[in-house]
Amino acid sequence: MIEFMLNGEQVTFNGDPETPLLWVIRDSFKLKGSKFGCGAGLCGACTMHLDGTAMKTCVLPIAAVAGKTVTTIEGLGTPDSMHPLQQAWVEHNVPQCGYCQSGQIMTAAALLAASPDASEADIDTAMAGNICRCGCYPRIKGAIQSVATHTLGYDAMAEEVAS
Amino acid sequence: MSTQILSRRHFLKSSALVGGGVVVAVTLPGCSFDGELPIDAADAALVPNAFLQITPDNKIVFYCPADEMGQGIRTGLATVIGEELDCHPSNMTVEAAGSHEDYNNPEFGLQLTGGSSAVRVFYEPLRQVGADTRALILAAAARDLGIPAAQLSTDNGHVIAGDQRYPYGDFVATAATLEMPTETPVKDASAFKYIGTHFARIDAEAKATGTASFGIDVDLPDMVYAVVLRSPVAGAKAVRFDDEAARRQPGVQTIVPVSSGIAVVADSYWQANQAAKKLTVEWEDVALTAVDSTRVRADLSAALDADDGVEAASEGDFEAGLAAAANTQSAEYFAPFLAHAPMEPVNATLRIEGDRADLWTGVQVVGAAQGLLERLTGLPRENIRVHNQYLGGGFGRRATLTHVVEVTEIAMATGKPVQVLWSREDDLRHGVYRPASLMRLEAGIDADGKVTAWQAQRAGGNVTPETLENALPALLPSMPEGLLGGLHGAVDFIFGNWAVDHPSVEGLYETYSMPTHTITHTTVDHGLPLTFWRSVGHSYSGFAVESMMDELAVSAGLDPVALRLKNLEDKPRMRRVVQRAGELMAAMEVPEGHHLGFASHSSFFTDVAEIAEVSVTDGKIRVHKVTCVVDCGTAINPDTVRAQLEGGVMFALTAALYGEIDLDKGAVVQSNFHDYPILRMDEAPAIEIDIIDNGTAPTGIGEPGVPPLAPAVANAVFRATGQRLRELPLRLA
Chain A
1 MIEFMLNGEQ VTFNGDPETP LLWVIRDSFK LKGSKFGCGA GLCGACTMHL
51 DGTAMKTCVL PIAAVAGKTV TTIEGLGTPD SMHPLQQAWV EHNVPQCGYC
101 QSGQIMTAAA LLAASPDASE ADIDTAMAGN ICRCGCYPRI KGAIQSVATH
151 TLGYDAMAEE VAS
Chain B
164 MSTQILSRRH FLKSSALVGG GVVVAVTLPG CSFDGELPID AADAALVPNA
214 FLQITPDNKI VFYCPADEMG QGIRTGLATV IGEELDCHPS NMTVEAAGSH
264 EDYNNPEFGL QLTGGSSAVR VFYEPLRQVG ADTRALILAA AARDLGIPAA
314 QLSTDNGHVI AGDQRYPYGD FVATAATLEM PTETPVKDAS AFKYIGTHFA
364 RIDAEAKATG TASFGIDVDL PDMVYAVVLR SPVAGAKAVR FDDEAARRQP
414 GVQTIVPVSS GIAVVADSYW QANQAAKKLT VEWEDVALTA VDSTRVRADL
464 SAALDADDGV EAASEGDFEA GLAAAANTQS AEYFAPFLAH APMEPVNATL
514 RIEGDRADLW TGVQVVGAAQ GLLERLTGLP RENIRVHNQY LGGGFGRRAT
564 LTHVVEVTEI AMATGKPVQV LWSREDDLRH GVYRPASLMR LEAGIDADGK
614 VTAWQAQRAG GNVTPETLEN ALPALLPSMP EGLLGGLHGA VDFIFGNWAV
664 DHPSVEGLYE TYSMPTHTIT HTTVDHGLPL TFWRSVGHSY SGFAVESMMD
714 ELAVSAGLDP VALRLKNLED KPRMRRVVQR AGELMAAMEV PEGHHLGFAS
764 HSSFFTDVAE IAEVSVTDGK IRVHKVTCVV DCGTAINPDT VRAQLEGGVM
814 FALTAALYGE IDLDKGAVVQ SNFHDYPILR MDEAPAIEID IIDNGTAPTG
864 IGEPGVPPLA PAVANAVFRA TGQRLRELPL RLA
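Line by line, the protein sequences give chains A and B. For what it's worth, our numbering labels the leading residue of the first sequence as 1, then goes sequentially. For what it's worth, our numbering labels the leading residue of the second sequence as 164, then goes sequentially.
Hints were generated in silico from the structure; no laboratory data involved. Quick caveat: nothing in here was measured; it's all calculated off a predicted structure. Hints may be right or wrong, so weigh each one.
Unchecked claim - A short, non-exhaustive set of chain B residues, derived as facing chain A with CB atoms under 10 Å: (1) A352; (2) A354; (3) S376; (4) V415; (5) H550; (6) Y553; (7) L554; (8) H837.
What the hints assert, rightly or not - In the SDA-like style, the derived pairs of lysine to any residue whose C-alpha atoms are separated by at most 25 Å in a straight line are: (9) K579(B) to E632(B); (10) K30(A) to A369(B); (11) K788(B) to D122(A); (12) K356(B) to D385(B); (13) K440(B) to G15(A); (14) K30(A) to K613(B); (15) K579(B) to R519(B); (16) K783(B) to A64(A); (17) K141(A) to R785(B); (18) K141(A) to A369(B); (19) K613(B) to D521(B); (20) K440(B) to A64(A); (21) K788(B) to T125(A); (22) K579(B) to L60(A).
Each residue gets a CB set at the ideal place from its N, CA and C atoms; glycine is no exception.
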């Protein structure tokens, strides 16, 4: 039995400890916002926060999550209460197919939580692990930069990390 | 391609009915299928046609006939119908249409999303549906309010009478009793409120919060998960298999052979995936088993050497044109097989219960998916519902339905709701591919740069036979397998021997006025499954033609933009695009060590020119910036036009720098993003877009941004290094 915090709630998982966190979240906890893209940690569609750090979860065994805190896109913000980055995503019309965007946003949120004034080079480095096949990169970058220079963003992100 | 303008009558044949029950379309003679509309009507709602539902509490639902794969079509067509209905697209609920012939793409006669066609072909019909429905609501309001319709107006889903605002929903009961108006005049473009304006995509919020539902997200009670082990070589069947070890794996329920391989069914995807690795399967040898990339290339060369291609287009006397030229060039250009690699691997979820089947998936061919289920299950078509979800990328990949066949076979074998999910390895190794192409061009220009002779020979596979082979069983669900087999053979023979499959040669000369041209084609088919890949034939023809135009300009010492303008004298729209792009290029301040390359290409009725700013350091090509000029007619959502060009550039740049599917003993070598790399943010160029909108009818935008990119980059690389790269992906010597 593996216990961990999921979006602010204590949860337990009783299956195979080798099961990647992504599939535990999607199939056992029915949170479908985190996506399967490569199964090899190469594309970032599955990115969640593990104790506040962006992690590729398609290759992370659930055993490694015991006692830790997991935040998924659903825990970051909801349509009624969006995280500043999610608002920026809408304002910049970032998504096309949208499939990779949960992972993009989770990576960006971890970056800005750690470096609220991230430079363009910081953003390029942090986001290089997230593939967008539709090629929304200029808008993803623009949305992140708009939050990185936006005071409103800092407080909300600080709260998210604390939770 | 035949062009058929859909009559208003056809679109509006369903009578206005009050919902709460089933909605029945009125049967017209000659229609093959006229079942219930796949619409769940709310109590007392008005369903005036296949595209709209208006509820008494004024929920306005638009059933979008084109599939949303990122191209923004739900927003685009909601804007078109909303403009005339007078309802802001953001205030409409937009749902994917189910399968019904009323949703057929009027040009293809199929419910197919592709060819950058949706806005172009639905623009007039959906405006008419919107205008007629608004007129119906106004007539009902006039009756209910006792005010002449002429004294009423509308605003964003409301009828305005003096200073009173009444929701459309107030009038649906009366509207349902009235005759549907027809041929209501549509707006003049000067009166547009929503078309051409900027607002958020209607799916932006769902996609930013992880709440948008893709096929992979569908989760049914008691659902089982299936992973299929397929032959490394396309088309090879399993001769024998040993599933003893796999059956002992945790969570495994059963293992069933299916037409594409061996399916492992388990309690979870992860368990099915782990167990599938324990299967041992012996596959038959097929002709493709003997093929590797070197042989593909050699076979294409040999085919062109034979110089006996089928004529696709010919005008004027090529030899005389060549003799009249002041300058001639000949060169050979190559483009490899490519995979689409959409971020969401293909998947499908099926529940068969009694005499009803429900399929959840994300495909570009909803009607064909329904037809396929009809063929495989034997259920009546009206009992089969296709719930198309958001597509996690399409690019042509989701017009092939192998996964739908698999899920149906597994659901029938197990009797349980099943989800089939492909891995990334499955996607890259067992998919359908952009054909490899070898093109030989020979051209001559006069002293002013006017093309006097143009010849293009292409060798490679064809996409139409393969696509038909996949689609025919679905489109003709009641045709027996034997007859279908004969039909496939006939199609292969026709395109292999005496007809040219248009996508194989499209774009090899049409952008310019080239009065003397000869285009020939030789089919070389190795048996690798082929299909449409974003911009189809233009994805390689654009590279060949625009590289050759640059070679001609360089060899004659002419300006590349001036050379193109010289050959666009009776193509005014593209001429304006090239002119504008040339002005932008002339004004660019190019940093030391950076070089510009130019290319322009017409595809899907849209004209695009692109300028790539490139540097080459230590043999590595870096694209810093791409400037695009486009004329796609009326830009329904200008920001979507920009997004599609941005995306088209990135998609094409991935192909130009990295894209390559190799074969070894008939099997695809590449398996995941480490060996089939996709452009990442730190490699992405800045992009500037200039839209020319002269208010003409809208044309395609999903694909036309792709073709000019690779040649623009290659032309810049030539200026940076002196090396003329004639093969994709671009690799410096």
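Hints and how they fare:
Against a cut-off of 10 Å between C-beta atoms, the interface hint on A352(B) is violated, since the closest Cβ of chain A lies about 23 Å away. Interface restraint check for A354(B): the shortest CB-CB distance to chain A comes to about 25 Å, outside 10 Å, so the restraint is violated. Taking 10 Å as the C-beta cut-off, the interface hint given for S376(B) holds, the closest approach to chain A being about 7 Å. For V415(B), the interface hint is violated, the least distance from its beta-carbon to any beta-carbon of chain A being 13 Å, above 10 Å.
Checking H550(B) against chain A by beta carbon gives a least distance of about 15 Å; that is not within 10 Å, so the hint is violated. A least Cβ separation of about 7 Å between Y553(B) and chain A falls short of the 10 Å threshold, and the interface hint therefore holds. Contact between L554(B) and chain A, as hinted, is supported at the beta carbon level, the nearest pair being about 6 Å apart and thus within 10 Å. Hint status for H837(B): holds, given a least beta-carbon distance of 6 Å to chain A, under 10 Å.
A C-alpha spacing of about 29 Å is found between K579(B) and E632(B), which places the hinted pair above 25 Å, so the restraint is violated. A C-alpha spacing of about 17 Å is found between K30(A) and A369(B), which places the hinted pair at or below 25 Å, so the restraint holds. Of the supplied pair hints, the one linking K788(B) and D122(A) holds, its CA atoms being roughly 20 Å apart against a limit of 25 Å. Taking the CA atoms of K356(B) and D385(B), the gap is near 48 Å; set against the 25 Å cutoff, the hint is violated.
Among the hinted pairs, K440(B) with G15(A) is consistent with the structure: their alpha-carbon atoms are about 20 Å apart, no more than 25 Å. With a C-alpha separation of about 63 Å, the suggested pair K30(A) and K613(B) falls outside the 25 Å cut-off, and the hint is violated. Distance hint between K579(B) and R519(B) is fulfilled; the C-alpha atoms sit about 13 Å from each other, no more than 25 Å. Distance hint between K783(B) and A64(A) is unfulfilled; the C-alpha atoms sit about 39 Å from each other, more than 25 Å.
Distance hint between K141(A) and R785(B) is fulfilled; the C-alpha atoms sit about 19 Å from each other, no more than 25 Å. Between K141(A) and A369(B) the alpha-carbon distance is near 19 Å, which keeps this suggested pair within the 25 Å criterion. Between K613(B) and D521(B) the CA atoms are separated by roughly 59 Å; this puts the pair beyond 25 Å, and the hint is violated. Restraint check for K440(B) and A64(A): the C-alpha separation of about 23 Å stays at or below 25 Å, so the hint holds.
Distance restraint check for K788(B) and T125(A): the Cα-Cα separation of roughly 19 Å lies within the 25 Å cut-off, and the hinted pair is therefore satisfied. With a CA separation close to 30 Å, the supplied pair K579(B) and L60(A) exceeds the 25 Å bound.
Hint violations for this structure: numbers 1, 2, 4, 5, 9, 12, 14, 16, 19 and 22, all remaining hints satisfied.
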